[in-house]
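> Sequence:
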Amino acid sequence: MKLLELYRRNRPEFFRIVRYLIVGGWNTLFGVGLYTLVYELWGTRANYLGWAVVVNILAITNAYLCYKFFVFRTKGNYLREYLKCCTVYGAGVLLGMGGLFLLVSGGGMNPVWANFLLTGVTVVLSYFGHRYFSFRRRREHE
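Offset between the sequence shown (1-based) and my numbering: plus 17.
Heads up, a few of these hints could be off.
[What the hints assert, rightly or not] Distance ranges between label pairs, derived from CB positions:
id : residue 1 : residue 2 : range
1  : Lys92     : Arg62     : 42 to 48 Å
2  : Arg62     : Tyr149    : 38 to 44 Å
3  : Asn79     : Leu112    : 28 to 34 Å
4  : Gly115    : Phe150    : 25 to 31 Å
5  : Arg36     : Leu112    : 33 to 39 Å
6  : Ser122    : Phe86     : 38 to 44 Å
7  : Gly123    : Trp43     : 32 to 38 Å
8  : Thr61     : Ile39     : 31 to 37 Å
9  : Val140    : Ala69     : 18 to 24 Å
10 : Thr53     : Glu22     : 43 to 49 Å
11 : Phe133    : Arg25     : 32 to 38 Å
12 : Tyr24     : Leu66     : 20 to 26 Å
13 : Val35     : Asn64     : 17 to 23 Å
14 : Leu75     : Val140    : 32 to 38 Å
If you are wondering where the hints come from, they were derived from the structure by calculation, not from laboratory data. Remember, it's a predicted structure, so these values are computed and weren't measured experimentally. Note that CB positions come from ideal geometry on N, CA and C, so glycine has one too.
Taking the hints into account, I'd like the entire structure generated from these sequences.
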């Protein structure tokens with residue numbers, strides 16, 4: 018009985034999390050697919066990192082638009098939210114790279130398992146970063 022009551026009180030947040038995971042899946046497919054397409058059309062061994070930068074900018078922009086309109090459903094503040102979204106992504110990259118180094122070099126963990134673990138941690142932390150920083154609504158936190 019209490020579990021059902023808890024669900025009813027938190028239903029909007031539950032569906033926001035589901036939408037966030039859907040967008041994350043979509044954005045992963047978008048980024049990987051776009052990189053593959055661009056690399057196959059115009060890539061060479063000399064410029065593969067340059068294309069990665071371009072595609073990541075497009076993937077972050079895609080994620081931002083999906084988060085804004087589908088997940089968090091905010092109005093206005095386009096540039097501010099976009100820059101905050103980039104900040105959250107940047108923090109996630111730093112956390113992932115630093116964590117990978119610590120777990121693999123410092124802790125002797127298998128790199129693949131360390132990456133899986135850190136991806137899970139980054140997904141959760143990124144949700145909260147976007148929820149309470151990138152797309153924070155003033156009336157929710159004043």
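> So, for every hint listed, does it hold in this structure?
Hint check results:
{"no.": "1", "hint": "Lys92 x Arg62: 42 to 48 Å", "in the structure": "45 Å, holds"}
{"no.": "2", "hint": "Arg62 x Tyr149: 38 to 44 Å", "in the structure": "42 Å, holds"}
{"no.": "3", "hint": "Asn79 x Leu112: 28 to 34 Å", "in the structure": "21 Å, violated"}
{"no.": "4", "hint": "Gly115 x Phe150: 25 to 31 Å", "in the structure": "19 Å, violated"}
{"no.": "5", "hint": "Arg36 x Leu112: 33 to 39 Å", "in the structure": "23 Å, violated"}
{"no.": "6", "hint": "Ser122 x Phe86: 38 to 44 Å", "in the structure": "41 Å, holds"}
{"no.": "7", "hint": "Gly123 x Trp43: 32 to 38 Å", "in the structure": "34 Å, holds"}
{"no.": "8", "hint": "Thr61 x Ile39: 31 to 37 Å", "in the structure": "35 Å, holds"}
{"no.": "9", "hint": "Val140 x Ala69: 18 to 24 Å", "in the structure": "21 Å, holds"}
{"no.": "10", "hint": "Thr53 x Glu22: 43 to 49 Å", "in the structure": "47 Å, holds"}
{"no.": "11", "hint": "Phe133 x Arg25: 32 to 38 Å", "in the structure": "33 Å, holds"}
{"no.": "12", "hint": "Tyr24 x Leu66: 20 to 26 Å", "in the structure": "46 Å, violated"}
{"no.": "13", "hint": "Val35 x Asn64: 17 to 23 Å", "in the structure": "38 Å, violated"}
{"no.": "14", "hint": "Leu75 x Val140: 32 to 38 Å", "in the structure": "20 Å, violated"}
Checked against the numbered hints listed earlier, the structure breaks hints 3, 4, 5, 12, 13, 14; every other hint is satisfied.
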